[in-house]
Every structure is written in C-alpha cells, then in structure tokens.
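Okay, here's what each chain looks like letter by letter:
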Amino acid sequence: MMLELTVNGRVHSVEINPGEMLLDVLRRLGYKSVRRSCDNASCGNCTVLLDGKPILSCTTFAARATGHKIETVESLEKDGILHPIQESLLETGGAQCGFCIPGFALTAKALLEENPEPTEEEIREALNGNLCRCTGYESQIRAILNITHKRGGLSND
Amino acid sequence: MTDALNTKELKCFNAVNKSVKKVDGISLVTGQPVYTNDFDVPGALYVRLVRSSHAHAIIKNIDTSQALKIPGVVTILTYKDLPRIPFTRAGQGYPEPSPYDTFVLDKKVRYVGDPVAIVAAETERAAKLAVKAVKVEYEVLDAVLDFEQAISENAPIIHDEPEAVGIHDASRNIAAHFEMEIGNIDETLKSCDKVITRTYHTKTQLHAMMEPHASISYFDPNGKLTVISSTQVPFHARRILSRLFNIPIGDIRVIKPRIGGGFGGKQAIHLEPYVVAVTLKTRRPARMVLDRSEVSMATNIRHEMKYTVTVGATSNGEIKVIDMEGLSNTGAYGEHALTTFMVAGSKTLPLYNKVEAVRFSGNVVYTNLPSAGAYRGYGAPQGLFALDCTIDELARELGLDPLDVKEKNSIREGESSPIFRIMGEGREGVDQIVRSCKLQECIDKGKAAIGWNEKYGKRLKNGSKVRGVGCAIAMQGSGIAKIDMGAATIKMNEDGSFNLLLGATDLGTGSDTIMAQIAAEVLQVSYDKIKVYSSDTDLTPFDTGAYASSTTYVSGNAVRKAAEMVKEKILEKASVYLEEPRENLMVENAKVVSTKTGREVTYEELGTKLFYTFEQEQIAATASYVGEESPPPFLASFAEVEVDLETGKIELVKFVSYADCGTPLNPVQALGQLEGATMQGIGWALFEDVIYGKDGRMLTNDFFTYKIPARMDYGKLECGLVDSYEPTGPFGAKSIAEIGIDTPIPAIANAIYDATGVRLRKAPFNSEELFFEILKEEV
Chain C
1 MMLELTVNGR VHSVEINPGE MLLDVLRRLG YKSVRRSCDN ASCGNCTVLL DGKPILSCTT
61 FAARATGHKI ETVESLEKDG ILHPIQESLL ETGGAQCGFC IPGFALTAKA LLEENPEPTE
121 EEIREALNGN LCRCTGYESQ IRAILNITHK RGGLSND
Chain A
1 MTDALNTKEL KCFNAVNKSV KKVDGISLVT GQPVYTNDFD VPGALYVRLV RSSHAHAIIK
61 NIDTSQALKI PGVVTILTYK DLPRIPFTRA GQGYPEPSPY DTFVLDKKVR YVGDPVAIVA
121 AETERAAKLA VKAVKVEYEV LDAVLDFEQA ISENAPIIHD EPEAVGIHDA SRNIAAHFEM
181 EIGNIDETLK SCDKVITRTY HTKTQLHAMM EPHASISYFD PNGKLTVISS TQVPFHARRI
241 LSRLFNIPIG DIRVIKPRIG GGFGGKQAIH LEPYVVAVTL KTRRPARMVL DRSEVSMATN
301 IRHEMKYTVT VGATSNGEIK VIDMEGLSNT GAYGEHALTT FMVAGSKTLP LYNKVEAVRF
361 SGNVVYTNLP SAGAYRGYGA PQGLFALDCT IDELARELGL DPLDVKEKNS IREGESSPIF
421 RIMGEGREGV DQIVRSCKLQ ECIDKGKAAI GWNEKYGKRL KNGSKVRGVG CAIAMQGSGI
481 AKIDMGAATI KMNEDGSFNL LLGATDLGTG SDTIMAQIAA EVLQVSYDKI KVYSSDTDLT
541 PFDTGAYASS TTYVSGNAVR KAAEMVKEKI LEKASVYLEE PRENLMVENA KVVSTKTGRE
601 VTYEELGTKL FYTFEQEQIA ATASYVGEES PPPFLASFAE VEVDLETGKI ELVKFVSYAD
661 CGTPLNPVQA LGQLEGATMQ GIGWALFEDV IYGKDGRMLT NDFFTYKIPA RMDYGKLECG
721 LVDSYEPTGP FGAKSIAEIG IDTPIPAIAN AIYDATGVRL RKAPFNSEEL FFEILKEEV
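Line order of the protein sequences matches chains C and A.
Letter by letter, the first sequence follows residues 1 to 157 in UniProt numbering.
Letter by letter, the second sequence follows residues 1 to 779 in UniProt numbering.
Treat the hints loosely; a few may be bogus.
[Stated by the list, open to error] Residues on chain A that point at chain C, a partial pick, calculated with CB under 7 angstroms:
hint, residue
1, Lys21
2, Gly25
3, Leu28
4, Asp142
5, Pro257
6, Gly260
7, Gly672
8, Glu675
9, Thr678
10, Phe704
11, Thr705
None of these hints come from the bench; they were simulated from the model.
Given the structure is predicted, the values throughout are model-derived calculations rather than measurements.
Ideal placement from N, C-alpha and C gives every residue a C-beta, glycine not left out.
With the sequences and hints as input, model every part of the structure.
As structure tokens, this is what we get:
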C-alpha cells in the first residue's frame with residue numbers, strides 16, 4: 001500500500017508492506033538516526049516525535065503516522081547550528097557510543113518544550129524510558145540541567 | 001622518554017587533561033549513518049542463522065529443500081559446505097590462549113542458539129521464512145546445565161570432537177585449569193588468630209550494548225574481500241578469517257566503523273565468518289544483523305564463577321593468608337576460559353600484598369549454556385566479590401571496621417606483589433612496582449561522601465526500613481604487559497594539520513579523541529588539527545584492539561611515540577629552513593620557534609614548502625608500543641542501601657566511586673567511563689538476572705525479562721577522579737574503562753549486611769531471597 005508520511009517537514013510517498021512498523025519505513029527512507037536495538041518497545045532507542053510527543057517507532061504502525069508530523073533527530077541541526085540539547089550533550093559527554101543519543105535528544109527536546117525548567121527528578125522521570133548502556137545517565141541529565149541553567153532558570157551549583 | 005615526561009613542568013598541559021568534545025561527537029548527536037547497519041550496500045543478501053533448539057544434540061539430518069523453494073532464498077549452507085577447521089571465536093592475540101573447540105558450523109550443537117545453518121536471501125523476510133522452513137533432525141543428548149555438575153562422573157562430554165586443541169581435560173569437561181601458591185598456606189594459617197572460609201557465587205551477566213552486532217562483507221573493485229563489522233578487534237578478525245577460509249591476510253580488509261557499545265561483547269568473532277561464507281559462495285555482498293534475542297543468548301555472556309575463600313588474620317586485622325579456590329562456567333565453548341579465571345586472581349590478590357601465603361586454584365568448565373566470553377572487568381568483579389566480602393566478614397567477626405581492615409592491608413605506591421609476576425593472562429605476568437597509587441585519597445573522598453563514620457554499623461531505622469553502608473576497594477590493569485601491541489602512524493599535511501592513523505578501536509569509549517589529544521600535546525597544536533582515522537586493517541597500522549583496559553595506555557603510548565618522531569623531523573627540517581641549530585628550536589602553537597633569535601616558521605608554511613619547493617619530503621612516522629608493565633588504576637566505592645524489612649525490597653540510596661586513573665586525559669570522558677561501569681555493576685548487583693529454562697534455553701533474552709537499569713532504578717550516583725601521575729603512561733595516564741564494574745556487587749552486599757545482618761553470598765541480589773533470609777534471621 002502507498003502511504004504519505006511527513007518527516008521533518010518533508011512529505012514522502014512510500015510503498016509499505018502491510019503491518020510495517022514506522023521504524024522500518026523511516027530507516028528505508030534514509031532516516032538512519034532511528035535505531036533498532038530491542039525491537040519490542042523497551043529501550044527507547046527508536047524514539048521519534050509524533051506531533052511533538054515521543055513515541056516508539058518500533059511498535060508504531062507506519063500507517064498510524066499518516067497525517068501527523070514526524071520528527072527525527074536529523075531535523076534538529078539547522079544550517080550547521082546544533083540544537084542546544086545536541087551542543088549540551090557534546091559538552092557533558094552524553095554521547096559515548098552514541099547509539100541511544102537520537103532517542104535521548106528527542107525525548108529531551110519534548111521535555112524542554114513542555115517544561116522549560118525541569119527539576120533533576122523530572123528529568124530522570126522523562127528519561128526513564130530511554131536506555132543507555134554506556135553512561136550512568138548522569139551525563140545526559142547534566143546536559144539538560146546545563147541548558148536550564150544557561151536559560152537562568154536554576155542557579156548553577 | 002618516560003623519565004623526561006615525569007616532570008612537574010610537563011604537567012601544564014595544552015591538549016591533554018582537558019575535557020574537549022569528542023572528535024566524532026557531532027556525527028553522533030546529529031544521528032549520522034555511522035554504524036555498520038546504517039550502511040546501504042546495493043545487492044547485499046540478508047543473512048540469518050538457523051539455530052539449535054536443543055542444548056546438546058547431534059545433527060542427524062538437515063533438510064533445506066522446502067526453504068530453498070521460498071522466493072528470494074539464494075543459498076543455504078550447512079557444516080557440509082564449510083571446511084572443518086577448529087578455532088576459537090575469542091578474538092585474542094596470537095597464539096591464542098583459548099582452546100580451539102569451535103567450528104563455524106558443526107554437526108553437533110552445544111547450547112540453545114548454536115548455529116546450525118546459514119541462510120542467505122534477497123530480502124530479510126525471505127531469510128526469516130527460510131530459517132523457519134529448514135528442517136533439522138537431532139539426536140538429543142543429555143545436557144550439563146549446572147556448572148557444579150560439569151565434572152561429575154556421569155556428566156555427558158561436551159567436547160568429544162577429536163579435532164579440538166588446547167582443552168585442559170575434555171573427558172571431564174574442564175576447559176582450563178590453573179593453580180599457584182606462594183608461601184605455605186597450612187603453616188601460616190596455624191599462626192593466625194582468626195580464620196574464616198566463605199563461598200561466594202556470581203552469576204552471569206549480559207553485555208546488553210545498545211547496538212546489536214552487525215557485519216557486512218563484499219568484494220571491492222580490486223577483488224579484495226572487505227568486511228565492515230561491529231568489532232573490537234579488526235586485526236584479530238582479519239587473522240582468524242584468513243585461517244578459516246584459507247585466504248591470505250593481505251587479501252582481506254576489515255573496517256570498524258562507529259560501534260554502538262561493546263564492553264567485551266564485540267571482541268569475539270561472532271558474525272564475520274557467516275557473512276564471509278555467503279560472499280565467498282555467491283560472490284555477492286552479504287549483511288547480517290542480530291536480533292536482540294540473539295545478542296542475548298547467542299553471542300557471549302559473562303563467566304559465572306564461584307569462589308571459596310579462606311582468609312586468615314591476626315586479631316588486629318593484619319591479613320596473613322588468602323586462599324581462593326574457584327570454579328568458572330565457560331558455557332559451550334572455552335572463549336577466554338583460562339584468562340578470565342586468572343584475572344579473577346591477578347587483578348584482586350595484589351591489592352592485599354602484605355600476606356605471607358597466598359593460593360589461587362580451580363577449574364573452568366564447559367556446560368551446555370551460552371558461551372561466556374570477554375566482559376568488562378574480565379573475572380575481576382567475580383573474584384573481588386568473593387575476596388572483598390570474605391574480608392568484610394572477617395573484619396566484622398574481629399569487631400573491626402571493615403574499611404580500616406581493607407585500608408591497612410592494601411597495596412600502596414612504591415610497593416609490589418609477587419602475583420604480578422606469577423599470574424598474567426594465560427601465562428606468566430611481569431614484575432612491576434606500583435608507581436602511582438592514590439587509593440588512600442580515593443578512600444578518604446568516598447568515605448566522606450557516603451558519611452561512613454556517621455552511618456557505618458548504625459542500622460538507622462525508619463518504620464520498616466533500615467539503612468546500611470558498605471565499602472569495597474579494587475584495582476585493575478592497563479593492557480596486557482608484553483603482549484598487547486598498539487601502533488600509530490602520523491603524517492603531516494601542508495596546512496599544518498596531521499593525519500593520525502590508528503589501529504586502536506574506539507567503541508564509544510572516546511579513544512579517537514584521547515589519541516588526538518595526545519598527538520596534539522606532543523606537536524603543540526590544537527586537537528582539531530589532528531585528523532583521526534581508526535581501525536581499518538588496510539589503512540591503519542596494527543593494534544590488538546580494544547580490550548583489557550589497554551587503549552589509553554598502550555595505543556596512547558604508541559601515539560605519543562609517533563608524535564615525538566614527527567616532531568623531531570619537523571625540527572630537523574625547520575633547522576635547515578631557518579638556518580638555526582636544531583638545539584635552539586622548539587615547537588609551540590603550531591610553529592617552530594628559535595629560542596635564541598625568535599625566528600619562526602609555522603607548520604603550514606614549512607609543510608607547504610616541504611611538499612612543493614624545499615627539501616621535498618613527506619613528514620610521517622609510525623611507532624609501536626608494547627607495555628612493559630600494566631599499571632593498575634585503583635578504586636574505592638561505597639554504597640548506602642535501604643532495605644524494607646517487610647518486603648526485602650532493596651533501594652540503592654547512594655553509590656560513591658572515586659578512582660585513580662593517573663592523569664585523566666579527557667576528564668569528562670574518563671568520568672563517563674567510571675559512571676557507566678558503575679551503573680553496569682549496579683545493574684548486575686540488583687536487577688540483571690539471567691534465567692534458563694529446564695531445556696537450557698535463556699528465558700531472559702530481551703529488555704523486559706532482563707532488566708538493565710534505567711535512571712529511576714537507583715539513587716544518587718557520585719563518581720570522581722583523583723589524579724595521580726603514572727610515569728610509564730602517556731602524560732601520566734592509566735586505564736579507567738573496566739575498574740568501575742568491580743565494586744558495586746561487594747559494596748552493595750556489604751551494605752545490605754550492614755543494614756540487615758543478612759549476608760547475601762550469591763549475586764545478583766533479589767528482594768525475595770533477602771526477605772526469606774530476613775525472616776530466618778528475625779532482624
């Protein structure tokens with residue numbers, strides 16, 4: 001069947017197999033930042049934003065995403081300028097192997113758009129569905145805290 | 001050269017000891033297609049394996065006829081199609097210390113998940129359907145599922161194949177055996193005031209790296225067999241492929257792109273032979289990616305180990321005897337069997353170097369369970385759990401503070417241990433003196449951070465909840481002395497930048513960045529002038545690979561040496577160009593400057609002249625490094641737990657780890673290694689429990705059933721670095737990648753005891769077990 005998907009503002013017409021998951025279709029379209037790790041909705045590596053909300057693309061039917069705005073991490077950098085969350089992840093060492101980072105960056109972006117000044121506890125909660133095996137999650141939390149500090153929302157201790 | 005580096009002046013660094021951003025960082029945070037499975041290779045066949053559904057069986061017949069009829073299926077290979085060459089997947093240096101007890105495909109299967117046939121198809125779907133359609137007839141054999149039964153008389157023999165080489169005693173399922181003794185155990189025990197014997201059991205662990213293993217193979221335009229693979233050991237992979245398929249080493253190229261985590265799990269040669277077999281048969285590109293269940297149950301896991309430890313001491317806590325007798329479970333194949341077992345002793349026993357007698361012995365046995373292999377810590381965590389907790393028990397029985405006992409018996413700067421020489425990895429080690437050790441500072445910082453003096457032994461109660469604290473100290477190594485070799489090539493470009501070609505294998509550890517910092521420090525340029533290209537067997541010099549905490553120390557020293565050689569050549573050329581004696585010249589800020597006349601030439605100007613108009617020559621150098629020693633990093637860790645006495649629920653309130661890794665070349669990356677290893681250790685201690693069915697099938701083969709920590713699963717994590725200066729390391733550096741995983745299990749066990757009076761001697765610790773123990777103890 002043919003499907004129309006809007007990914008990072010670009011409309012794709014794509015032939016899909018019945019029951020195909022969004023993860024497979026996005027990777028086929030070249031959005032390789034969407035990563036398959038567990039393939040059963042338990043690691044968060046395949047996170048994309050659907051109308052600004054993080055969803056797991058490995059268990060979301062591609063067909064369900066038609067008519068919605070899909071965002072992948074490829075959309076965050078604009079003209080060579082990194083999104084603050086990307087810049088901050090670089091500074092804090094949030095990306096070790098980097099495989100989980102697209103998922104983290106998108107979850108963090110959604111968090112900060114909904115709650116520009118999250119507490120550390122709120123950040124932990126928001127990131128709890130994203131697994132990382134390299135860090136102790138501290139560097140990703142520091143990355144988000146640093147953004148809120150720079151915005152002047154919290155005192156920098 | 002090392003002496004020259006060990007001076008105070010040189011500790012004012014320009015490029016190292018700085019938390020610069022990773023050289024591959026932008027690619028990673030922008031989600032670029034940099035991992036093996038992101039590469040599109042036109043026309044590549046999808047490769048999948050038919051895997052054994054039995055733990056131990058002989059293949060009587062494989063019927064591929066139905067599978068071959070599925071549209072898109074191109075070929076199916078069985079053991080009959082491949083040469084029968086015994087090898088080890090372990091991915092170690094040569095000669096390999098692991099037994100050759102494995103075949104790419106065999107007529108016998110030894111665990112649930114063992115490969116039976118290779119399917120290659122035009123689409124992934126066709127390959128999956130074909131895997132199901134291959135009919136395998138088995139003669140099912142009795143299986144060994146309990147490693148303590150492996151050497152019992154009526155146990156079935158797992159490796160009865162006559163071709164196997166290097167198995168210690170195949171008839172008794174013993175893959176490897178080791179024993180050593182220093183001093184006289186029995187006599188010294190008699191002189192002790194207190195002797196205790198305890199048995200500790202550490203179960204296995206899954207690597208659970210985020211990127212599933214992937215490999216792609218194809219012939220390049222010159223007909224060279226090329227393999228892109230998520231490997232920690234591209235050069236070992238090339239050597240092993242050469243032997244398995246009888247292709248000259250020079251006709252194979254292995255490329256390691258970005259890797260999505262390894263932790264030892266990508267050291268073995270897991271996928272490469274299967275894609276290569278397909279490419280050789282079909283002359284077409286082939287690609288293979290594992291499912292999460294395959295990553296869990298059909299690659300490698302950690303060696304399950306059980307140690308009975310006897311410790312003897314004086315009444316004031318001076319440890320005089322340590323005797324460790326162990327049993328390790330290597331699973332179906334003997335990958336890293338001997339070496340991980342030895343490391344369980346060699347990276348723990350030297351910590352307590354004041355003993356008069358020490359013994360370490362035991363067997364590594366085969367079972368019909370997934371094959372154990374290399375895993376961060378490499379035996380040291382299992383050995384330390386037994387040793388540290390037994391010492392903890394001894395101290396408490398003597399009425400002493402266990403931290404004091406560990407502290408006063410532990411090794412210090414300038415000291416040595418005979419273990420260093422006696423126990424290496426698979427053979428003798430090397431004599432060495434601990435030249436850098438800030439263990440005391442690590443203990444002091446951690447002790448303050450956890451509030452040891454206020455909390456230890458207090459059993460603070462709040463309703464049904466009770467709190468306790470525990471500690472553990474650890475050491476590791478930095479590479480395998482006199483075995484691990486790393487090499488680096490540096491060449492100068494006309495714009496004053498340099499290409500750094502490295503065999504070292506960055507798996508996400510940040511080693512590409514650290515190597516650039518080392519070269520930049522020597523050449524006095526900013527690190528972004530060092531253009532790193534790593535891990536390609538055709539383009540970069542040799543390196544044993546990323547394991548044994550070796551990259552910073554071994555490969556880093558190679559980079560330093562290569563950079564020194566390039567610097568010397570630059571100075572020689574500049575001396576002619578500036579008409580100044582060499583001894584007047586120095587490098588600074590990407591220039592050569594005369595200290596006498598102030599005349600100078602930039603690298604850019606000199607480089608351009610050297611290419612086109614003046615004394616034309618490509619400045620370049622290659623250097624190699626093999627460690628003469630393996631300087632240990634040190635670690636002190638502290639856990640605070642809260643246990644609900646009504647449910648047994650264990651809450652990790654706070655975990656503190658302070659490490660001495662020498663000079664942290666990139667503090668943010670070094671801290672990240674420590675935090676990550678600590679988190680992996682916490683997961684192993686509290687959540688990560690591998691469970692097998694009665695048929696030997698791993699039941700916990702996904703992230704629902706095998707729980708790795710998310711951030712809400714543990715409390716505060718405080719990790720820190722205490723700088724020391726290791727004179728043999730590049731700019732004072734030692735290793736940091738593994739050590740953090742050694743301490744969480746013993747520190748948490750000790751804290752649980754401190755809180756409840758219950759001693760858990762089998763890890764991981766679960767609440768149910770603790771609850772029933774609490775009932776028994778009636779706390």
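Going down the list of hints, with the structure as the test:
1. Lys21: Cβ of Lys21 (chain A) sits 5 angstroms from chain C, so the hint holds.
2. Gly25: With a minimum Cβ separation of about 5 angstroms from chain C (threshold 7 angstroms), the hint on Gly25 (chain A) holds.
3. Leu28: holds, 3 angstroms
4. Asp142: Violated: closest Cβ of chain C sits about 33 angstroms from Asp142 (chain A), beyond 7 angstroms.
5. Pro257: Since chain C brings no Cβ nearer than about 12 angstroms to Pro257 (chain A), farther than 7 angstroms, the hint is violated.
6. Gly260: Cβ of Gly260 (chain A) sits 3 angstroms from chain C, so the hint holds.
7. Gly672: holds, 4 angstroms
8. Glu675: holds, 3 angstroms
9. Thr678: Holds - the Cβ of Thr678 (chain A) comes within 7 angstroms of chain C, reaching about 6 angstroms at its closest.
10. Phe704: This hint holds: Phe704 (chain A) lies near chain C, its Cβ roughly 5 angstroms from the closest one there, short of 7 angstroms.
11. Thr705: This interface hint is violated because 9 angstroms lies over the 7 angstroms limit.
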